Each structure stands twice: as C-alpha cells, then as structure tokens.
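Produce the entire structure from the sequences given, and follow the hints as far as they go.
Residue numbers (my numbering), protein chains in the order written: chain F, 10 to 352; chain H, 87 to 398; chain Z, 6 to 327.
By construction, these hints were calculated from the structure, which means they are not laboratory data.
In silico BS3-like pairs for lysine-lysine, Cα to Cα no more than 27 angstroms straight-line: (1) F/Lys-124 with Z/Lys-222; (2) F/Lys-14 with F/Lys-95; (3) F/Lys-188 with F/Lys-140; (4) F/Lys-212 with Z/Lys-222; (5) F/Lys-254 with F/Lys-346; (6) Z/Lys-136 with H/Lys-133; (7) F/Lys-95 with Z/Lys-129; (8) Z/Lys-222 with F/Lys-94; (9) Z/Lys-164 with Z/Lys-189; (10) Z/Lys-222 with F/Lys-186; (11) H/Lys-133 with Z/Lys-129; (12) F/Lys-145 with Z/Lys-222.
The structure presented is a predicted model; accordingly, all values stated were derived computationally and were not measured.
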Amino acid sequence: MVSDKKVLNVEDLRVCFDTYRGEVQAVRGVSFDVCEGEALAIVGESGCGKSVTAHAVTRLLPEPPARITGGRINLDGTDVVNAGKKTLQGMRGSAVGMIFQDPMTSLNPTMTVGKQLREALLRHNPGMGLKDAELKAAELLSEVRIPNAAQRFSQYPSQFSGGMRQRVMIAIAIACKPKLLIADEPTTALDVTTQAQILDLLKSIQSANRMAIILITHDLSVASCLVDRVAVMYAGQIVEKGLAKQIFQTAAHPYTWGLMDSLPRPDQDKSRDLNTIAGSPPSLLSPPAECSFAPRCHFCMQVCSQRQPPGFELGPGHTCSCWLHHPMAADMLKQAKEASGHV
Amino acid sequence: MMHDHDENALSPELFAPADSIQALEDAAQGSGLSFWQDTARRLRSNKTACICMASVVILVAGSIIFPQISGYTVSEQDLLNINLGFFSEGHLFGTDEIGRDMFTRVWYGTGISLTIAFSAVLIDLLIGAVYGGISGYTGGRVDEMMMRIVDIIIGIPQLIIVILLMVVMKPGIATIIIAYSTVGWTGMARLVRGQVLKLRGSEYVLASRLLGASPARIIARDLLPNTLGIIIVELTLTIPSAIFTEAFLSYIGLGVQIPLASLGTLASDGASGFLLHPHLLMVPTVFLSATMLTFNLLGDALRDILDPRMRS
Amino acid sequence: MIKFKYILKRFLYALITVWVLVTVTFFLMHILPGDPFLGEKKVPDEIRQALYVKYGLDKPLIVQYGNYLWNILRGDLGDSIVYVGQPVTRIIAETFPYSFDLGLRALAFAFIFGVSMGIIAALKRGRPTDKIIMIFAALGISVPSFILGSLLQYYLSIKLSGWTNGVFGFRLFPVSGWETLSQKIIPPFVLGFGQLALISRLMRASTLEVVGQNYIKTARSKGLSERTVIMRHTIRNAILPVVTVMGPLSAAILTGAFVVENIFNIPGMGQYFVSSVQAYDYPMIVGTTLFYGVFLVAANLLVDILYTFIDPTINIAGRQTD
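The following block contains the structure:
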C-alpha cells in the first residue's frame with residue numbers, strides 16, 4: 010500500500026516571522042519525508058510550528074511577515090522554496106491539496122458551493138467543459154458523502170453545517186486528484202461525532218486514491234485512527250518521529266510521554282486530576298540554545314540545559330532528540346522509563 | 087549511531103540530573119502586559135500617532151495662548167494696513183481687507199472650531215451613550231423600537247436637518263453645537279448599544295462557566311478597556327466631521343457670526359477674496375486641513391492600535 | 006421570497022422616514038420666531054393680513070399641517086416668496102436636472118476611482134504606492150470642497166488657462182458655466198473628491214480585511230492565479246461595505262453641490278436652496294428640503310435593493326445585522 014517513492018521531502022526547514030516585537034523563529038530545522046500513499050501525523054501543542062510547516066510546504070504562508078530562511082522542500086519533483094509563482098500555482102490543487110482548520114470561514118460566502126468546486130476542477134483541467142465540470146463537481150460532492158448533491162450544488166456555504174463545509178473543502182482539495190493532501194487540524198473546530206465522520210472519510214479517500222496525507226493535529230487520539238507514521242513537534246522542532254506503532258507503544262521522548270499521559274482515558278481513576286505538562290513552551294523570539302523542553306522535563310540532566318540534543322536513531326525509522334538516549338545516559342534512561350511508566 | 091561532533095566535550099557528569107526542575111519560566115514569556123501598558127507601548131512606537139498627538143497639543147495650546155500674546159485682538163481693525171501679505175511688519179500672517187491681524191484670527195478661529203467640535207462630539211457621546219446603553223441593557227422590544235427610531239433618524243439626510251435647525255435658531259456657537267448634536271448622536275448610540283449587548287452576552291457565558299474569577303473583574307479588565315478604545319476611536323473620527331459641518335454652515339452664512347471668527351468663516355471669507363489676496367484663504371485652509379487631517383490620522387492610528395486582532 | 010419581503014420592509018421604512026421628515030420640517034418652520042413678511046420692507050397691515058390668508062398662515066396649526074400634507078400629495082409645494090409667483094415645483098424642475106447631472110458625474114468619478122485606488126493601495130500595502138494613495142486620500146477628507154473649488158478655479162481656470170490662452174489660443178478650463186464638456190470637468194472633480202477619498206479608504210480597509218480571510222487562502226490553494234483570486238474572490242466580497250455606504254454618500258454629494266454650484270456658477274438647485282435659506286423664503290426652504298430629503302431616501306432605498314442583488318447571502322440570512 011505504501012510505496013517507497015517519496016512524494017514530499019522536507020530537509021532542515023527554517024521559517025521566521027517578522028513581528029513588531031522582533032523576529033520569531035517558528036520553525037527551527039524540521040526534516041521529514043512522506044511516501045506515496047502514506048499517512049503522516051504531525052502532532053504538537055498550539056504554537057509548536059506544525060501549522061506553519063504545513064503552510065510552508067505549499068508556500069501559502071503570508072510572505073511578508075513570514076520568511077523561509079533555510080532548508081529544502083521537494084514536493085513531487087518541485088523545489089518549493091525556490092519556485093516561482095507560476096510553478097507554485099500549477100502545483101497547488103494538482104500535486105497537493107490542502108484543507109484548513111476552520112470550515113466556517115474557509116469558503117467564499119458570496120459564491121455557491123458548486124461554483125467553488127467547479128473552479129478548482131477547471132483550473133487544472135483546461136480542456137474540461139462547463140457542463141462536464143459541473144457533473145464532476147456533483148460527483149465529488151457525493152464522494153464526500155453530501156446527500157442531495159445536485160441540489161446542494163447551487164447553495165451557498167451559509168446553508169451548510171460545519172461538518173458539511175469541511176466535506177466541501179475536502180472535495181475541493183481532492184478535485185484534481187493530488188498526490189498529497191495536507192489536512193491542517195481538520196477536525197479541531199468540529200464536534201466529536203463529526204470528527205469521527207470526517208476522519209473516516211479521509212481514510213476511505215486515502216485508500217481509494219492512493220493519496221498521501223499529512224494530518225496536523227494537537228490531539229494524539231485523532232492521529233492514532235488514521236496514520237502510518239507520527240512526528241512530534243515542540244517549539245519549532247521535531248522531537249520524535251517514527252512509525253505509529255513505535256510512537257504509541259514505545260515512545261521515547263519525555264514530551265511524547267507527557268502528551269500521551271494527558272489524554273483522558275475512560276478507565277482512569279476519576280478522583281485524580283487530569284495529567285498536564287506543567288509550564289509553557291519557550292518564547293520563539295529568542296529561542297533557547299539548549300533543549301527546548303528542558304525547563305518542563307522531569308528528567309532533565311545538566312547537559313540538557315546546556316546543549317541541543319541531536320537526533321538519536323532508536324530503531325528503523327524511529328528517531329528521538331533527547332539526551333536520555335545518549336550512551337552515557339543509560340542509567341538515567343532506565344530510571345526515567347520506570348518513573349514515567351513508559352517502559 | 088550518534089553523530090556528536092563534540093564527543094570529547096561530553097563528560098559523564100553532564101548526565102547527572104539537573105539540580106531541580108528548572109523554573110517554570112513564564113513571566114518573561116512576553117505577555118503579562120496589561121491592556122493599557124501594551125496600548126501605551128504600541129502608541130509610542132507608532133510614528134503617525136505620536137506626530138498627531140503632538141499636533142493636537144500644539145493646536146489646542148496655540149489657540150489658547152497665541153491670541154493672548156499676539157498683541158492684537160480678533161476684531162481690531164487697522165484700515166491703514168489692509169491686505170498685507172505674509173511676513174509683513176507686525177503681522178506674521180498678514181491682514182485681511184479691513185486690517186485685522188490674520189495670525190490672531192486664525193489661532194482664535196482654530197480655538198472656536200475646536201471648541202465647537204469637541205463640545206458637539208462630547209454631547210453626542212453623552213446622548214448616544216445613554217440612549218444606546220439603555221437600549222442595549224433593556225433589550226427585547228424596547229431595544230428593537232429604539233433602534234428602529236435610530237434607523238429612521240439616520241435615514242434622514244443629516245446636513246439638511248442641521249441647516250434647517252440653523253435657520254430656525256439664530257446662528258451662533260451654542261446653536262451650532264445643539265444643531266449638530268441633534269442628529270449626530272446616532273452613530274455613538276449604535277456603537278454603545280453593540281458593546282452593551284456584548285457585555286451582557288459575556289456575563290452570562292462567564293457565569294455559566296463557573297470559573298474562579300468574578301465576572302466583574304473580567305469585564306473590567308478585558309471588555310471595558312476594549313469598549314473604551316472603540317469609543318475613543320469613534321470620538322476622534324467624528325471631530326473632523328463636526329469641523330467640516332461648521333465650515334460648511336459658515337460658508338452658506340449660517341455659521342459663527344461676527345465679531346467672532348472660526349476656521350469656517352475665515353475660509354469662506356478668504357474664498358471670496360481669493361483671486362486678489364490668496365493668503366487670506368491659504369492661512370485658514372492650512373489650519374483647517376491640518377486640524378482635520380490630524381484627527382483623521384490619529385483616529386486611524388488608534389483604530390489600528392486597538393484592533394483586537396493585532397494583539398495575538 | 007425572502008428578498009421580496011426585505012425589499013418591502015425597506016420600502017416601508019422609507020415611507021415612514023419621508024413622513025417624519027415632512028412633519029419635522031413643517032413644525033420647525035412654524036417654530037420660527039418672527040414673520041417672513043416683516044423682513045425687508047414695511048408692509049401695511051391689510052396687505053400683511055391678505056398675505057397671511059394667501060399663504061394660509063392664519064389658520065390653526067393642525068389645519069395648516071393637514072393642508073400642507075394634502076398639498077404635498079398633490080404635488081403642490083406653494084409659491085416662492087422671493088421669486089414672487091413662481092411655484093416652487095417649477096423652480097425645482099428647472100434647476101434640479103443640472104444638480105443631478107453634476108452629482109451623477111461626481112458620484113461615478115468618486116466610485117470608480119475610489120474603488121480602484123482602494124484596491125491598489127491594499128494590494129501594495131506598506132509600499133510607496135500605498136502611502137501615496139493614503140496621503141492623497143487623507144488630504145481629500147481634510148480639505149472642504151469650497152476651498153478645493155476655489156483653489157482649482159484659481160490655478161486651473163484662471164492661471165493655467167490664461168497661460169494656454171496666451172500660448173495656444175484657447176482656455177483649457179473655463180472658469181464657470183455648465184454647457185461645454187470642458188466646463189464639466191472641474192466641478193464634478195471638486196464635488197466628488199472628498200467622497201473619492203472616503204471610498205478609497207474604506208475600500209482599502211475592506212480589501213485588507215478580506216485578504217486576511219481563510220477563504221482567500223482556500224482560493225490560492227486551488228492554484229488560481231493572483232489575478233483570478235483578486236477579481237473573483239477578493240473584490241466581490243470587499244466591495245460590499247462600499248456599496249452599503251453609497252446611500253449616505255449620495256447625500257454628501259448632494260449637499261456638497263450647494264457650494265460647488267455657487268463657485269462655478271452652475272444653475273442648479275443648490276444655489277436656490279442656499280439663497281432661500283438666507284432670505285427666509287419659507288415655501289422654497291420647505292419645498293427644496295423635502296425634495297432633497299425624499300430624493301435621498303429614495304436613493305438609499307435604491308442602494309439597499311441593489312445590495313440584495315450583489316450579496317446573495319442576504320436572501321438567506323434575511324435581516325442584515327447592524
């Protein structure tokens with residue numbers, strides 16, 4: 010199902026924002042790949058840079074004030090960082106599709122849903138006639154499980170619920186059968202039932218079209234439903250990445266442990282408080298030179314507050330940026346695993 | 087398996103536990119500034135806003151001080167020295183066609199125009215705030231009815247009513263202020279009503295959330311400053327319209343009457359004699375435009391600064 | 006169906022507004038202290054009495070009000086006191102077309118250039134073009150039309166045209182009048198300039214707001230060219246607030262016309278309004294006020310109706326929120 014051919018290759022990506030307070034380094038050296046047909050989740054709390062990374066891949070960041078200051082992005086053969094406007098416009102919608110977080114504001118309120126869909130189709134299918142495009146659009150609406158597609162075609166977004174608008178977004182994003190779909194927190198603004206429906210829809214679309222997906226989310230449980238691989242981001246860097254199984258069963262970074270612990274579980278002892286990770290992420294105006302998680306880490310060592318940890322390879326495809334995995338920290342690692350319960 | 091370029095520098099002691107879980111550094115996280123501190127900081131860094139505020143101070147101070155120290159009065163005529171131009175002896179801005187000193191007159195006129203504008207705007211605020219406040223607070227059908235009345239008043243062309251009122255009342259500073267306020271309060275009423283509705287909504291939301299902080303504190307800390315900000319912006323932007331109305335009225339003869347002078351009367355006097363003595367129009371024009379420009383730009387800058395979206 | 010109900014509602018509002026205006030005008034006129042006839046000359050008592058009877062000023066207020074309303078409905082606004090014998094309606098009919106011509110040109114000028122400049126300024130935000138346009142606009146809202154009019158008249162019609170007359174043998178811009186094409190350039194410009202400034206500021210703000218919206222990002226993510234995004238998505242949404250403001254804007258242009266007609270000697274209604282105000286010619290004042298008022302209420306109504314055609318969501322949502 011998952012081939013070896015890479016659809017997206019991101020290497021050492023760095024993105025800055027110029028604000029009235031100074032330069033904010035939102036992404037500080039992020040590297041990952043996505044293969045054809047594969048689903049990758051990028052997980053992290055608000056402000057960790059996952060959304061910025063996703064937007065950088067399609068260069069949809071507002072380019073003042075954002076700036077890509079380093080790294081390479083190769084999307085299906087295109088060098089995104091250095092690409093010109095025309096190349097980028099050709100790539101968007103046909104090689105890569107994107108859906109965003111807030112479906113309520115993601116559609117043009119003064120244009121019918123059908124026209125917005127038709128627009129996406131006609132953009133990359135110059136030979137297609139209007140009638141054909143409309144038929145195809147209606148088909149797409151059915152594919153995303155919107156009932157009464159023909160009727161819905163001429164309605165305005167205000168006549169759709171949040172969940173349905175998100176489906177329309179998905180329809181627009183996959184209209185020209187892109188190789189990669191980037192979903193930036195697609196379910197955050199929706200209720201739990203709708204969340205499940207959307208995720209289910211994404212899953213079926215993915216397998217039907219052999220499409221790669223990058224799913225951005227702050228919710229680990231959302232990630233677990235759908236994906237093959239997971240990357241955990243914190244303070245603009247990837248702190249751990251690997252196969253879903255590796256992350257969920259043998260997580261190696263204290264932050265990942267914290268994320269997993271903070272998921273409320275039905276079998277938990279209800280009298281105890283919910284687990285949280287105390288403190289907040291560092292300011293990216295002057296990012297720390299040491300491990301960014303150190304101030305909040307229960308297992309912080311001296312070296313952690315002095316230098317950045319490199320990526321340690323723990324197994325095939327599983328890397329973790331934490332000093333605990335340095336050979337000299339073997340004892341500390343053992344203690345940490347026992348103390349946290351992630352053995 | 088690891089690629090540590092500085093392997094020698096890593097000594098085993100480094101892998102001992104840190105002394106304590108390092109401080110949960112928060113305070114220096116960049117926020118923690120109160121609304122007013124943040125506003126003040128933004129204000130200082132916005133060049134336009136600073137220039138405008140300095141300009142307001144100059145205009146107000148000048149209009150009070152200069153007419154006192156210039157050595158002439160507003161209506162003092164000197165028929166031997168009529169129509170002098172700029173930098174004439176004894177008259178920095180020259181004189182008009184009956185020898186009155188333009189320097190004195192223009193600063194005095196600025197004062198009158200500003201007085202009219204400030205008063206009109208403040209009365210608008212009072213009436214509008216009370217009306218809008220009551221409407222928003224009471225809610226329901228009363229609110230709907232009150233707002234419908236506002237809609238109708240807004241539907242009637244305001245300048246025409248002002249002109250009519252000036253025909254009915256004798257033109258003068260007080261009557262101009264009254265005439266303007268009679269129809270000018272509607273904008274403020276709508277604004278205040280909108281804010282009151284928002285406040286009411288938040289109160290209920292807060293109460294239902296049962297958070298520790300009392301609703302009053304949150305209203306005072308977040309919502310009230312926001313409301314004040316919006317009101318200040320509206321006031322600042324209404325001042326130019328009041329000045330303009332006064333100038334317009336003066337031009338058609340319904341404005342401030344002699345022996346007083348305002349920027350409007352000076353400009354309209356100057357406009358008729360323009361062909362022969364341009365400075366008579368130039369001087370009040372510069373002051374009038376500068377005043378209106380100042381408040382417009384200031385209002386814009388304040389609006390940008392107080393825009394909640396810019397605060398994230 | 007909802008659209009129809011909405012239009013009906015606005016129409017009703019318009020009628021009520023007109024009625025309020027008519028009533029307010031009537032009562033204001035009758036609060037006036039003094040007497041229109043004592044103004045200038047010494048009028049003998051019997052003649053004054055006759056005049057009172059003629060103008061109906063001897064009857065009780067309510068009756069006068071009733072007559073007044075009835076007359077208005079019949080289209081009779083009385084005769085001017087200053088222009089003796091001339092029915093107000095005739096004066097209006099002869100002079101309004103000029104004002105309308107002037108106003109329409111000014112409006113079109115303000116709208117077309119204002120919208121364009123606003124869009125350009127927004128798209129080139131922060132760059133020199135934006136700053137220049139915004140300075141231009143700031144001046145536009147700070148210089149009253151009578152000043153601008155006088156200035157332009159002096160520099161373009163007198164100085165510049167005097168020069169072209171001397172060198173080329175013709176005046177580039179006439180000083181006044183309203184017949185030839187070259188006479189119709191400066192006055193609408195002066196009249197519309199302030200509104201142009203307003204429109205461009207509003208359009209700029211609106212465009213900036215729209216450009217930051219998520220659906221613009223969606224449009225880009227489809228791979229649409231910037232031009233398509235701007236034309237099809239940005240402008241269509243950004244122009245909505247500007248259209249809403251066109252009603253009040255027409256009012257501003259209409260009242261601004263008083264002054265411009267005066268300076269450039271255009272035989273429009275504005276001049277008559279101003280002079281009737283200064284002479285306390287009540288029937289004229291009332292008549293022209295009513296005419297202006299009704300005209301503007303109608304213009305507002307027209308804009309409201311137009312808006313429902315541009316913004317399709319009105320039909321669904323029904324009422325506009327304020």
